[in-house]
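Engineer: Here the sequence shown stands for residues 1 to 260, numbered as in UniProt numbering.
Possibly wrong hints are sitting among the right ones.
Said to hold, decoys possible - Straight line, CA to CA, 30 Å or less: simulated BS3-like cross-link-like pairs of lysine-lysine:
#1 Lys239 <-> Lys187
#2 Lys187 <-> Lys155
#3 Lys31 <-> Lys155
#4 Lys13 <-> Lys187
#5 Lys122 <-> Lys239
#6 Lys26 <-> Lys122
#7 Lys13 <-> Lys31
#8 Lys238 <-> Lys187
#9 Lys13 <-> Lys26
#10 Lys155 <-> Lys239
#11 Lys122 <-> Lys33
Simulated from the structure, these hints should not be mistaken for laboratory data.
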Amino acid sequence: MPEATNSTEARFKDYAELLNHAAQWKSGLEKVKSAPPAPERTWYAYDILSNLWHIQNLMDQLPDEILSLFGSGHVADIGAADGDLSYFLESIGNSVDLIDWPDTNWNGLIGARELGSRLESKTVSIHEVDLDTQFQLPSERYDLVFFLGILYHLKNPFYILETLARHSRFCFLSTRIARRTADRRLKLEEAPLAYLLAPEECNDDPTNYWIFSAPGLIRLAERTGWNVRATYRVGDTKKSDPSSADHDERMFLALESRYR
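Could you put together the complete structure from these sequences and hints?
Structural biologist: In structure tokens, the structure reads:
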């Protein structure tokens with residue numbers, strides 16, 4: 001079973017040390033997940049924990065004290081898949097609200113519940129929340145929110161970011177962005193824009209909605225109650241578009257709430 005610890009500040013002198021611990025913990029997690037979560041069910045197919053390494057590019061731009069948010073606080077992990085990140089955060093001292101919706105989760109949240117059972121989790125609570133409604137968060141206040149790879153799947157990005165700003169101190173966000181339309185005719189990068197996808201346009205997935213330009217995503221964050229403290233872009237950072245698999249660009253933001 002992956003090793004647990006009690007405090008980020010006590011264990012990790014910097015974010016690089018946290019990543020070293022995450023790599024070791026991930027190795028143990030792979031053993032825990034060696035058997036399927038249930039008959040005829042599979043684990044989420046993508047590496048959620050790899051986001052921690054992308055976040056390093058944000059942490060390098062932030063004050064050292066931000067590291068303290070990773071331990072002994074109350075965290076929301078939104079769109080958490082099987083909960084790999086949630087259970088890692090628990091292992092370093094956090095209590096976590098794992099927030100997802102069974103209808104759109106890879107395995108209907110069976111994976112998250114089974115993983116919690118195998119890890120003997122005590123401080124991760126699983127909450128079924130439909131983020132496309134006028135939802136309420138499970139807790140009144142969060143020290144840190146992870147909102148990674150979810151925004152472009154939601155119908156009302158303004159509502160969710162404003163809600164999170166009112167109930168959170170700090171947020172790491174990532175989503176798909178685009179520099180041009182897929183036909184290359186229209187530049188998106190030069191203005192605060194959002195592109196609305198057709199139902200099957202991106203990955204044949206009708207739950208994909210809004211693809212922002214980088215200025216558009218920053219404008220959205222600022223208009224919903226956040227200060228943008230750091231940014232990082234990865235993927236096709238020259239010719240990205242809203243829908244092509246080979247022109248996929250992601251933007252990571254470190255956000256601090258103005259409501260705190």
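Engineer: Against this structure, judge whether each hint is valid.
Structural biologist: How the hints compare with the structure:
Between Lys239 and Lys187 the alpha-carbon distance is near 10 Å, which keeps this suggested pair within the 30 Å criterion. This hinted pair checks out: Lys187 and Lys155 have alpha carbons roughly 23 Å apart, not beyond 30 Å. For the suggested pair Lys31 and Lys155, the alpha carbons sit about 37 Å apart, so the restraint of at most 30 Å is broken. In summary, the hint linking Lys13 to Lys187 is not supported, as the alpha carbons are separated by about 43 Å, beyond the 30 Å threshold.
About 45 Å separates the Cα atoms of Lys122 and Lys239, which puts this hinted pair outside 30 Å; it is violated. Taking the CA atoms of Lys26 and Lys122, the gap is about 19 Å. The hint holds against a cut of 30 Å. Our distance criterion of 30 Å between C-alpha atoms is met by Lys13 and Lys31, whose separation comes to about 28 Å. For the hint linking Lys238 to Lys187, the alpha-carbon distance of about 12 Å falls within 30 Å, and the restraint holds.
The straight-line distance between the Cα atoms of Lys13 and Lys26 is roughly 20 Å, inside the 30 Å bound, and the hint therefore holds. Among the hinted pairs, Lys155 with Lys239 is consistent with the structure: their alpha-carbon atoms are about 25 Å apart, no more than 30 Å. For the suggested pair Lys122 and Lys33, the alpha carbons sit about 18 Å apart, so the restraint of at most 30 Å is met.
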